[in-house]
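Student: Now for the letters of each chain:
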Amino acid sequence: MKNLFKEFLKGIIKENPTFVLVLGLCPTLAVSVSVINGIGMGVAATFVLVGSSVIVAMIKSLIPEKIRIPCYIVVIASFVTITELIMKAYSPALNRALGIYVPLIVVNCIVLGRAEAFASKNSLRSSFFDGLGMGVGFTLALILISGIREFLGVGKLLGHVLIKGFEPVFVLGMPSGALLVIGLLLGLFNLLKPGREK
Amino acid sequence: MKERLIVSASPHLHKGESVSRIMWMVAISLLPAGIAGVIIFGLSALSVIILAVVSALVTEWILQISTKRKITIFDGSAVITGLLLAYNLPPKVPFWLPIIGAFFSIAIGKQIFGGLGQNIFNPALVGRVFLMASWPKYMTSFTVPLSYDATTQATPLMLLKEGKFAEHISYGNLFLGLRGGCIGEVCILALILGAAFLFWKKYISWHIPITYIVTVGIFTYLFGPSGFLSGDWLFHILSGGLILGAFFMATDYVTSPLTRKGQIVFGIGCGILTAIIRLWGGYPEGASYAILIMNAATPLVDRYTKNRIYGNR
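Chains A and U, in that order, give the protein sequences.
With the first letter of the first sequence counted as 1, position 159 gets the number 159 in my numbering; the numbers rise by one all the way through.
With the first letter of the second sequence counted as 1, position 154 gets the number 154 in my numbering; the numbers rise by one all the way through.
Heads up, some of the hints might be wrong.
Unchecked claim - Heads up, simulated DSS-like pairs for lysine-lysine below, C-alpha to C-alpha not over 25 Å straight-line:
{"no.": "1", "chain 1": "A", "residue 1": "6", "chain 2": "A", "residue 2": "121"}
{"no.": "2", "chain 1": "U", "residue 1": "92", "chain 2": "A", "residue 2": "164"}
{"no.": "3", "chain 1": "U", "residue 1": "68", "chain 2": "A", "residue 2": "164"}
{"no.": "4", "chain 1": "A", "residue 1": "164", "chain 2": "A", "residue 2": "2"}
{"no.": "5", "chain 1": "A", "residue 1": "193", "chain 2": "U", "residue 2": "68"}
If you're looking for bench data, these hints aren't it; they were derived computationally from the structure.
Isolated chain U, as found in the complex (with noise of 0.2 Å):
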């Protein structure tokens, strides 16, 4: 885009852009969904949803009034954090959880560092990740679709750590999210539906997700279980939170790279990270990790990645 722009003369008009109206149809995009989420495990994930999203909405409130700043939550930042939390979490926890995230993510991730657009990591990843490192018995409980009780049942990832590849459910039902897993991930069909919507807005490029998920598929398929090219690439594109990482978390302007060209090698190393955690870590998902160690890596890629001033060396 950038090298085709070309600035005439004042008078200019102005597209009516800004980054609230962005945040909002961010949020607009990620309703689908939740919307799949909340019919697939029941009530319990609506809950989750809200108090995680009125727990950020809370906490930025609190912390921009007592540090005497502009109250900013009507810019739709904190609502985004709040939604991608609750995506980020199964679908029943301990109602405190998604509150304690949601303070973590808004306080520790977002607002220590001076607020929107100075943070160096996905604030709703490090709100995830910190839950998952504190309280793992809860983020690991995953309930069964469809069945709105306490019955709990494995993700396909972790069914698949564990060598139980035999209990492998169809690509449908992974397309359709009827399967165990965190409220906003499951869905791929809501997923696609909410990010076309932010591409034909053109608010995201295909730079970052599709690199992402093809370096994943590519890399799943040449490391299978069975041998070199036998990996079972569909699945592992299908299963876990990297739909929703890819076209969600990886895309925040803040965190990623500002070029086209880092963009790429953004979403590259995102894949390799998420692929290697899967295919060899300690944790049957490694997307919210891969994220995050990109979102460290993004100032070094911008850095490297500079576009060339025209008529310059």
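One chain only, chain A, in its complex shape (with noise of 0.2 Å):
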């Protein structure tokens, strides 16, 4: 148990996703505008993950080492499709503004990195606690991000505006201010790294 609780929490700061992997970042840098898409994002990332992640870890002995990585899409796939028909269902508002990143999860590399590098060699428990570890630390990443981005760029915060008077950095909530917030926070998470080379 105390395993499983490891794999959990390695996906939140130590192998954080997009801090520590670098991986998943066009979704990152495009959806980041707003804290509200950034959790939308996140949550379904997750659900494709430990679904995924899961799939793999059961079928693992039946895929055949030289066409791994096509049976891997075909079980994301599937569970993208889940998702985006989920989220048309339900909020069509959040469909329409995440747009195309909901199917392109298909080809998000956490998602891919998980199910190639983790769930393929592991067993099913440890590897539904590692989709959700990695997705959870994900949907932080973001939630840091949009956050910041919202809170900076647009003047709000989940839409509501908390100082009355601020005059909001318009490039932060422009493409090339994704690129420097999460560049900025990038080099953070550097320095704060412990057994940094000096």
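Since each chain sits alone in its own frame, please combine them into the complex, following the hints.
Tutor: Have a look at this one:
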């Protein structure tokens, strides 16, 4: 049980997909304009991650070595389709805001990376917790980035104005601002990383 | 210069030049343009200049204290960054704008790369472009020269972009700086005085600024408003931030090519980009973007314009 908890925790800080593994930057850059988009994207990716990790761990002995990537993609694509249909049915506004980035979860390197690097080599239970941890780590990173960008770039948080008279830093709401914020946060995480070479 | 350099046997005389001496000389050469800006736009311009310079120094000091590096705020480079940033701002901006701009220039434009000599982009222009993208409404409202109040007017290049060529102002006024614009860019006379001082001290060579200005002139003459070979090239040279950019920002030692050949390529590139942005781009003025883009291309230019070693291939 303790080991499973460790698999879950490592995705949040020690192997955070965005800040340490630097995977899945494309959706991170694109959807982190507002916190609600970030949460939506994070939850969708977490669902796909957990689902595909579990299935891949279950069928890992059936998959031939040479065509393993197409097999993973089929599993992942099924979960992405489920996610997209659910999102279209229950929150069409979020689906419109995320746009092409929901179907693009299929090629998200976090999902494929976990299937290839973890789920295909480990047991079902630890794959489940690994996928969950990675998903939560991704979601938290998205909330952090989109929180900074929404607060400074638009002057709001979750759609509410926090400080009256605050003049938003317009550039942070634009794509170049996403690169700037992610770059600075990556640098900060590297600075705080234990055992960094001085 | 380099090809005529003969290193004789020691003892050698030291000329007494150092990075910080050159930086302070450049800062002095920038003073006439600043004084002209204050005369033209009033004391609000002076407060923008002081705020930008002081915040640049404070930012550099705080960052170097917190990263436990040598304190180099007296080498003059932060002063130049602050001055150039202020010269690129309109005279009446909220007090926090030059402070944030100077902080961004020094922190993101310079120190994050490792300080003086390591930055790939001109720090002052990084700050200006950041402010331009973040608060465009403050960055594009210019006060009327010699009026000292809050009335605003468009710059000559903005008028040109809107197609109001009839309100053309005379070349004499453009040369003296009696037009709407940023604090340090308006008075061409003062800028040329400062540049002449740098030429006299041999701190800058003609390769970048002259090719830059001539290219803009030729390009805007070729592609004029009423067909080929009809452009008002003198107007384009005298307006906008071209003269300030060409003499003081494109010639930054750190972010421009090392060889003479490379510097000519750099100048022509800046000129073509500036003219393209002015004539067909979305912004009325493009000097700062042109210089930043060519800054990014500098390592490439350096690689392709390496001097041939004598006797080698």
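Student: Does each hint fit the structure? Answer for all of them.
Tutor: These are the hints, each one checked on the structure:
Our distance criterion of 25 Å between C-alpha atoms is met by residue 6(A) and residue 121(A), whose separation comes to about 17 Å. For the hint pairing residue 92(U) with residue 164(A), the CA-to-CA distance comes to about 23 Å; that is within 25 Å, so the pair holds. Distance restraint check for residue 68(U) and residue 164(A): the Cα-Cα separation of roughly 37 Å exceeds the 25 Å cut-off, and the hinted pair is therefore not satisfied. At roughly 47 Å between alpha-carbon atoms, residue 164(A) and residue 2(A) are farther apart than 25 Å, so this suggested pair is violated.
Pair hint residue 193(A) plus residue 68(U) holds up; C-alpha atoms about 19 Å apart against a cutoff of 25 Å.
Going down the numbered hints, you'll see the structure goes against 3, 4, while the others check out.
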